[in-house]
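Quick note, the sequences are listed as chains A and B, same order.
Throughout the first sequence, residue numbering follows the working numbering, covering 2 to 275 in sequence.
Throughout the second sequence, residue numbering follows the working numbering, covering 24 to 471 in sequence.
Please keep in mind that the hints were generated in silico from the structure rather than gathered at the bench.
You may find that some hints are simply not true.
Claimed, not checked - Listed below are the simulated DSBU-like cross-link pairs for lysine-lysine, each with C-alpha atoms no more than 30 Å apart in a straight line:
id: 1; chain 1: B; residue 1: Lys131; chain 2: A; residue 2: Lys263
id: 2; chain 1: A; residue 1: Lys229; chain 2: B; residue 2: Lys134
id: 3; chain 1: A; residue 1: Lys229; chain 2: B; residue 2: Lys135
id: 4; chain 1: A; residue 1: Lys138; chain 2: A; residue 2: Lys174
id: 5; chain 1: B; residue 1: Lys131; chain 2: A; residue 2: Lys229
id: 6; chain 1: A; residue 1: Lys228; chain 2: A; residue 2: Lys136
id: 7; chain 1: A; residue 1: Lys211; chain 2: B; residue 2: Lys135
id: 8; chain 1: B; residue 1: Lys192; chain 2: A; residue 2: Lys141
id: 9; chain 1: B; residue 1: Lys81; chain 2: B; residue 2: Lys168
id: 10; chain 1: B; residue 1: Lys131; chain 2: A; residue 2: Lys264
id: 11; chain 1: B; residue 1: Lys134; chain 2: A; residue 2: Lys263
id: 12; chain 1: B; residue 1: Lys185; chain 2: A; residue 2: Lys178
id: 13; chain 1: A; residue 1: Lys141; chain 2: B; residue 2: Lys185
id: 14; chain 1: B; residue 1: Lys131; chain 2: A; residue 2: Lys228
id: 15; chain 1: A; residue 1: Lys211; chain 2: B; residue 2: Lys131
id: 16; chain 1: A; residue 1: Lys228; chain 2: A; residue 2: Lys87
id: 17; chain 1: B; residue 1: Lys185; chain 2: A; residue 2: Lys136
id: 18; chain 1: A; residue 1: Lys263; chain 2: A; residue 2: Lys229
These numbers were taken from a predicted model, which means no experiment stands behind them.
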Amino acid sequence: MKTVKTMVAGLVAIGMAAGSALAENANKIVVDGSTTVGPIAKAFAEYYMGSHANVNITVSESGSGNGAKSLLNAACDVATMSRPMKNSEKKAAQDAGILPIETIVAMDGLSAVVHPSNPLANLTIEQIRDIYTGKIKNWKELGGPDQLIVVISRDTNSGTYESFETLVMNKEKMGEKVEYVGSNGAIRQRVMSTPAAIGYVGLAFVDGVKSLTVNGVEATPATVTSKKYPIARPLYMYTNGRPKPGTPLQEFITLYATPDGKKIIEDTGFVPVN
Amino acid sequence: MRLQTRKILDRAFTGSGVLAIILMTAALLILLTPMFVRGSGAIFFTATVEHRRIMLEKFDRGDRDAVERDIRSARAAREPVYRAIAEFERQLAAGDAAPRRLYATPLKDVKKALSVLFGPEPGRPRPMLMRDQYGQARWDRAQVKLARVLCREEWDYSNPAKAGVLVLKPRAADFAGTPVAEIFPYLQQNADRMLLPRRTVYWQFLTDVSFDSHFFGGIWPEILGTLYLTLGAMMLAIPMGLIAAIYLTEYATESRLLDLLRTCISTLAGVPSIVFGLFGLAFFINTLNVSPSKSVLAGSMTLALMILPTVIRASEEALRAVPRTYKEAALSLGAGRWHAVWTIMLPAALPGILTGIVISMGRAAGETAPIIFTAAVSVGKPLAVWETLTQPTPALSWNIFNLATEHEAVDEVRHVQYGLVLVLVSLVLVLNLVAILLRARIAKRMRV
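My request is simple: use the sequences and hints to build the entire structure.
Take a look at the structure:
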């Protein structure tokens, strides 16, 4: 009986030691953050693991704010963000001994999207702002059908929300009737199923909804790159310090600059950077 | 009360009881039937030649010769379509600038719609994303995409006071008098020759990894993740819960403090699961650093905390339900307290304890909120056992939510979402069934 117990205890100890040793060596990259950057991160992960079968890259899409927090707590290797890190976050990182290094992986145009049945084709930034503050309540006021506008926004944890706030809202507060949802995909879904809705999403999420021109400019790769499209923004990946050359993390974070990486970004709907 | 009134009342009660049961059964059927019907669509469906091509190229499955023959025959059937387009492009290139400009966009749209249906045009460079490398793998989706090739969706905004109306414009009319006009009737008549639909049982949906964020492949990482999380939670919660229950019923002396403790445990059982999730993130990951990132371990710990009250209460009730005389007999025969608990009380209470355990196992498997911040990710590989200590995993419950809301192309991965739901619901049903059977079996054995 005693020998059995000793053996079991020994096996457990060996197992745990081996487990932790293997875990230390495991090649893994944990990516957390923006739902906008999600399609790029997921496609990069799949591409990279295709040629590096021993690496496990996990991607979660919980919002830019969560990505930043996750990086500050050293709980992820790459924080994907659709807005730059705020000073307060950088300060918190410094206090936690984390050095966030920024990489711009792609450009994105924030698209104002409506249901395809909506006859409107263009909105100015001021009109969009007025819709979100609640000043414009009915599509009729914009020359559309007599329907109350259903205003959909991302939640405040979102980088897309903050970009929208900076680029469109101009320090004005969103109205009380705005409906907040948790991801770009959710906005798209909501707008697709609601004829009177308006929302804003990244370029990869405009399938099935109608993307309006803003100030008369259509969001295309060309107008986004030339900054002619008024609400364009970069997409980021943040790491803790500069990753060592030759590591999977470094290769993953620089994928955006490779020809294949650029192709992937383009195919997901975003605009590669040069 | 008169006999007549009593009879009527009695009948009314029986009637409403039966009605309640009928309503409940109907609700259950309405809930479960679509889940099973649609969910099984992930495994049993009509697959096109593209599905067989993916199986061959990604998994080396299927009869290579037969599949290649299929691919060749499908290519041959598609050939006239591409030939007509190439012919028209040649005509345009040779002709005036005006028609070239006129047809540029419609032609681009047709080619795009075709590549969604059939995959990239032969001879073109291979696209980077797998969703662009293959055509439609499912016949039902293929028909939706075929309709998009045949007609373009146009919204009629002529009445600005009203919302636009969807008008389907046959593309054939756009290309009237050109060689391309002929491809539309051809596509309509020969769709099955170009895609070779065949009934398929894709049972490997349950054991395959997913490709290109769930556009193709199966849900093995999610199934495995849920199994790990559930088993991990049980491994932590069962010993702790049992020990606590034994202590509370057999060792602790009744006091006000003990009552308070019981109240706390009951309250804990009512705490919303998202609170457990946030607690797990703040405590296990950010404070204790049990793992460098989210991980199955941290998720299991959070789930264990969540189900602990249920396990404790169920075990406590079961132990309390064992007749006092059993224990007294054991003690009077000279058994120690621990011996009595171990050999008499626990076996007698086992059916109740097991039921509690299996039911909380079902809850652990199905919960989403506790694992969002502690364990779950959208995409990831299936993990080896030791990797669960440090790495996060996809899980059934979380990925159902992810595919229903966050995914960039929800409509294209609907069948995967239904498949995930089916597997999760079946898992919970099976667990509950096991609980019932176990209980019945042990109860029978105890009686003998």
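Cross-check of the supplied hints:
| no. | hint | result |
| --- | --- | --- |
| 1 | Lys131(B) <-> Lys263(A) | 22 Å, holds |
| 2 | Lys229(A) <-> Lys134(B) | 29 Å, holds |
| 3 | Lys229(A) <-> Lys135(B) | 27 Å, holds |
| 4 | Lys138(A) <-> Lys174(A) | 15 Å, holds |
| 5 | Lys131(B) <-> Lys229(A) | 25 Å, holds |
| 6 | Lys228(A) <-> Lys136(A) | 28 Å, holds |
| 7 | Lys211(A) <-> Lys135(B) | 18 Å, holds |
| 8 | Lys192(B) <-> Lys141(A) | 28 Å, holds |
| 9 | Lys81(B) <-> Lys168(B) | 24 Å, holds |
| 10 | Lys131(B) <-> Lys264(A) | 19 Å, holds |
| 11 | Lys134(B) <-> Lys263(A) | 22 Å, holds |
| 12 | Lys185(B) <-> Lys178(A) | 23 Å, holds |
| 13 | Lys141(A) <-> Lys185(B) | 10 Å, holds |
| 14 | Lys131(B) <-> Lys228(A) | 26 Å, holds |
| 15 | Lys211(A) <-> Lys131(B) | 19 Å, holds |
| 16 | Lys228(A) <-> Lys87(A) | 22 Å, holds |
| 17 | Lys185(B) <-> Lys136(A) | 22 Å, holds |
| 18 | Lys263(A) <-> Lys229(A) | 21 Å, holds |
In summary, this structure violates none of the numbered hints.
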